[in-house]
Amino acid sequence: MKIIEELCVLPDGDNYILYAPLRRTILRVNQDVVALLLKIKAGKELPKDELTLRAIENLRSLKIIDSEDSFPVDVTSNNEYKPTNVTFLPTSDCNLKCIYCYADSGTLSKYLSVHIAKAAIDFVFHNARERNIPKVQIGFLGGGEPFLAWRFVKDIFEYSHSKSDEFDISTYFTGVTNGMLSREQTLWISKNFQYLNVSVDGTQAVHDKHRPTKSNKGSFERVLKTLTTLNDQGFRYGVRSTISSLSVDYMTSIVEFFAELGVSRIHFEPLFACGRCRTNSKLAPAPKVFIDNFIKCLSIAQSTETDLFCSAIRLDTLSSTFCGALNNNFYITPEGYVTSCTEVSLVDEPLSSTFFIGKYDQSAKGFVFWDNRRNLLTSRTVLNMPKCSKCIAKWHCAGACPVKAAYEGDLFDATRLANCEIARELTEYHIRTLASGEANYLPRVHSQSIVPT
Amino acid sequence: MEIMDSSTDYSLESMAFDNEADGEVPEIMSAQKIEIESPEVRCMKGDCDGDYAPG
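Listed in order, the protein sequences are those of chains A and B.
Letter by letter, the first sequence follows residues 1 to 453 of our numbering.
Letter by letter, the second sequence follows residues 1001 to 1055 of our numbering.
A few of these clues could be false.
Stated by the list, open to error - Derived DSBU-like pairs: lysine-lysine, alpha-carbon spacing no greater than 30 Å straight-line:
(1) A/Lys41 to B/Lys1033
(2) A/Lys288 to A/Lys209
(3) B/Lys1033 to A/Lys63
Unchecked claim - Far from chain B, by Cβ distances over 12 Å, these chain A residues were calculated:
(4) Asp49
(5) Thr228
(6) Lys296
(7) Thr427
(8) Glu428
Stated by the list, open to error - Residues from chain A that face chain B, not an exhaustive set, calculated with beta carbons under 7 Å:
(9) Val9
(10) Leu22
(11) Ala42
(12) Leu46
(13) Thr52
(14) Leu53
(15) Asn58
(16) Lys390
In short, the hints are calculated from the structure, not lab data.
A virtual CB, placed ideally from N, CA and C, is assigned to each residue, including glycine.
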């Protein structure tokens, strides 16, 4: 008799919660079940009474014992690099000077050449045809503010459509913006894109403190106009808010504000001290305060039917890797390099030697890739991170952000990050609420009773 | 019964009891299957969220 490897145990008053992430199963059991499992694990002789035999049979039918763990698809997928999505970082320039900017944007004004971007489009369409993928996703993202490169965006949009017709493969356009868009730009995006993330840090006081313009004026009013236009167009978008020590106490009012504004998707992330605020770690919120306030926000989001998301609480994700930086990301930097993460966008940054995985080759008129760097990144799965091996968030957090871990000195150890504590606490909280039969706070996660109580 | 576990170790082995549980009445009080739809599956259905935007 054998117990599955991936099994977490949480004390729950006089009882216990068993969580089998790869089985997507949560059990509430008494202490004798835990004692029974420990005896099985130790190979001890088991009682042969009817109740014990029935419990063993139930554990077997729930695949807690005598079953193999079923790993997520990405553990067994091959490592061939044939991306079918491309994200452009068209410029390092920015019209804001956010106090925490990871890219220190606006300091340099570099712009990506259209001919390099077209080569990237050709590459992903060929890959999509070869892999029989019916859709290519094309994104525009920072470094800086991507829509400052407005002519570039429109050129690439038109070129992608010509390729879409040629290959008979559909397109999906996304972008992330600081929201400093003209009405004309906003209308064009709402007509031609499928999704947009707008960085807004909350109410005016918070937002203007975090995200001033280059001339140190408030940016909130203009961003609000962008959101209002998107609402008027019925466009599907989300807001993305960085929570700092200055705003962490206002998280609930920020959710209420967005809900009242008609925003249906809110993405909170705690500030990480890097880039422009590398020397000012006091801007990072205290993890415990962030956790407590995020939990309060979940009930507000539920009552206002708003989708509230944070990368630290994602039971809907089952993966061995935190993000696409460790898989198939194909991001083109303003200098024509291929980076696997938008947080590393300029070749002079120290982490570029890890996260830059290729470059446009002018003579070959195509991209060359550096397999040794890709191999290092693809090896950064949670299975190769010993400190994550017994964590309850192992298969959801999946080792947390690789760039932030590398910033802290070890790509393969994210336990020094505040995000680690946040992910553990919020994941545990979510599992406990599901086990207790309380409301499911996250709209993408539902539970279904499979054994009568 | 005292539990000796650490905040990061959720493994079964971390549940070291200070004495053997004396009752032999194992009971599964409830079991739930978590139903989720992976981001990849959602995206294939046209529900992509755009890129993860860092900070």
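Hints, verified against the model:
1. A/Lys41 to B/Lys1033: 24 Å, holds
2. A/Lys288 to A/Lys209: 23 Å, holds
3. B/Lys1033 to A/Lys63: 12 Å, holds
4. Asp49: Non-interface label fails for A/Asp49: nearest chain B Cβ at 6 Å, not farther than 12 Å.
5. Thr228: 20 Å, holds
6. Lys296: 21 Å, holds
7. Thr427: 10 Å, violated
8. Glu428: 8 Å, violated
9. Val9: 5 Å, holds
10. Leu22: 11 Å, violated
11. Ala42: Given a least distance of 10 Å, the restraint on A/Ala42 is violated.
12. Leu46: Check failed: Cβ of A/Leu46 comes no nearer than 10 Å to chain B, outside 7 Å.
13. Thr52: Holds, about 6 Å.
14. Leu53: Hint violated; A/Leu53 Cβ to chain B Cβ min 10 Å, cut 7 Å.
15. Asn58: Constraint on A/Asn58 satisfied, holds at 5 Å.
16. Lys390: 4 Å, holds
Against the hints set out earlier in the document, violations occur for numbers 4, 7, 8, 10, 11, 12 and 14.
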